[in-house]
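Work the whole structure out from these sequences, hints included.
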Amino acid sequence: MQSYPLHLIIPEEESTGVEQLKQAFIPLNGAFRLSIVNSNLQLNHQIESGIRIAVYAGNPTYMSWQECARQLRQQSQESIFILISDEESTTSAVTQGADLLVHSRETHQLPQIIGAFIKRHQVKVLMAMPVQLDPVEELDNLTQLQEKNKELEKINFELDRFVYSASHDLRSPLTSVLGLLNLMREEVKEAGTIHLVSLMEESILKLDNTIRDIVAYSRNNRTEINFEPVSLQALVNDISSNLRYLETGDFKVAEQIHLLDEYVFLSDRNRLQIILNNLLANAIRYRHPARKPEVQIGVLLKGQVVEITVSDNGQGINEKHLGKIFEMFYRTSDTSAGSGLGLYIVKETVKKLNGMIEVKSQVNEGSIFTITLPLIHQLNRKSGEL
Amino acid sequence: MKSVDSVLIVEDNPIDIFINTRVIQQSGLSEEIISQPSAKDALHYLTEGVSRGFLPNLIFLDIRMPDLDGFEFLEAFTELPLQVRQQCRIVMLSSTIDPVDLEKARSNPFVLAFIPKPLTREKIEELFS
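Residue numbers (the working numbering), protein chains in the order written: chain V, 859 to 1244; chain F, 33 to 161.
To be clear, the hints were calculated from the coordinates, so they are not data collected in a lab. Note that the structure is a prediction, hence the values are computed from the model and not measured. A portion of the hints provided could be inaccurate.
[Claimed, not checked] In silico EDC-like links for lysine to aspartate or glutamate, alpha-carbon gap of 20 Å or less:
hint	chain 1	residue 1	chain 2	residue 2
1	F	Lys-136	V	Glu-1206
2	V	Lys-1178	V	Glu-1165
3	V	Lys-977	V	Glu-1005
4	F	Lys-136	V	Asp-1018
5	V	Lys-1012	F	Asp-133
6	V	Lys-1209	V	Glu-1086
7	V	Lys-1012	F	Glu-80
8	F	Lys-136	V	Glu-1016
9	F	Lys-155	V	Glu-1044
In structure tokens:
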């Protein structure tokens, strides 16, 4: 994964705000190579050597942010200057040389905000090079980097196509067998045979689920997070209709989505789909034998996080399993239809989105899965500010 | 359940041709069921259909086939005579789980729907609901 060098320009004395800022970058496992600048001497030296991404926070007294941005631009037009301030407005910040203005209350989402910004300005970051190299070498390195990037994109794309091609070749005979089993059910009247047909179908579906889970796992590990505006309502509708094809029997899905209209919810749609798809499929699969499965999806904005709850009226999960259900290949019983990968993948995907997942359950009553994801503000539709 | 005059199945796997034909028969969708084992054969059949004066109303199109695949069929379909494009509606039927495939299918103006295999009576009924 690409690792971007990032300079944090902060005051000489440590403060809790600054400490929080440094903490924010830790979970992202090397997405940024962090360098701290907290003196005039260091800053001058760094600016001379070349800074690609600068985050200015806390009001350092040795240089104003405007002056810092100006000097940065003088060295390289392509560097990115991010200002953390509660005093400035976006307009004033941008006209005085900042590329991005972030409020102090959003610092724990800073890596995602910067990541999304970099994605849109990919070329700028690649082009900001340390100044020591002479112009000819610089150009070589630049083309090399761009070529390497293209190569990696190509490899990733091909790997994706391979994974889907392989999964199709594995699934195709399975869907044929499922089709034949359906026909058998229509044509055979003998109860004993019908029972065997059902057992065969169960096994095939289990195999199919494992294939899907492996594909999802492969993609979650490799692909970058893609932030885009997501309509949770539409996503839930899509998932529900897809599930109707796959699950036998009737079920009901109800949503209660409470997100303020003026905020656009930014997230990785594919990953959200994997999370919700798995949880919904589980809720229906592990139904209570005596009643129709009903799943409630709730979305709530709670301060700086979005809380998504998926609650069902299914069999529930025994307390002794609760601590282990997110483990790879853990299944509560051998007869269960799952592959043991589903919840593991959900957990890994939630982690990739910097969120958390919890479960509460009561045997014979049902279960509630709660996912908390950091909220990423996009432009407030009315005020035009971040 | 609505029925149509005739159905064309474009599919290279003989087992899936067997399954689709049976299911369509049992669903009452159509009594006239023709299958073509490749995209090229299907395009040929449709072109001839114009002079024969007989075209299918509904086409079940597989995606992954050797030689021309389902999407390449769709590209060639746009070049077929207007009569064909007006009369024949297309349903894509596949075991793919690649979201790129799903998106391509759903966004194609000639595709009525995408149905994940295996084809069943319920899925056919849902087409017309």
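Agreement of F/Lys-155 and V/Glu-1044 with the hint, judged by alpha carbon distance not exceeding 20 Å: 16 Å, holds
Pair hint outcome, F/Lys-136 versus V/Glu-1016 [Cα-Cα no greater than 20 Å]: 18 Å, holds
Agreement of V/Lys-1178 and V/Glu-1165 with the hint, judged by alpha carbon distance not exceeding 20 Å: 26 Å, violated
Proposed proximity, F/Asp-133 with V/Lys-1012 (alpha carbon, max 20 Å): 18 Å, holds
Straight-line alpha-carbon gap V/Lys-977 to V/Glu-1005, limit 20 Å: With a Cα-Cα distance of about 17 Å, the restraint between V/Lys-977 and V/Glu-1005 holds, given a limit of 20 Å.
Distance restraint between V/Lys-1012 and F/Glu-80, which requires alpha-carbon spacing of 20 Å or less: 42 Å, violated
20 Å Cα cutoff - pair V/Lys-1209, V/Glu-1086: The given pair, whose Cα atoms are some 18 Å apart, holds under the 20 Å limit.
20 Å Cα cutoff - pair F/Lys-136, V/Asp-1018: Roughly 16 Å between the alpha carbons, so the hint for F/Lys-136 and V/Asp-1018 holds.
Given pair status - V/Glu-1206, F/Lys-136, alpha carbons within 20 Å: This hinted pair is violated, its Cα atoms lying about 29 Å apart.
Hint check: violations occur at hints 1, 2, 7; the rest are consistent with the structure.
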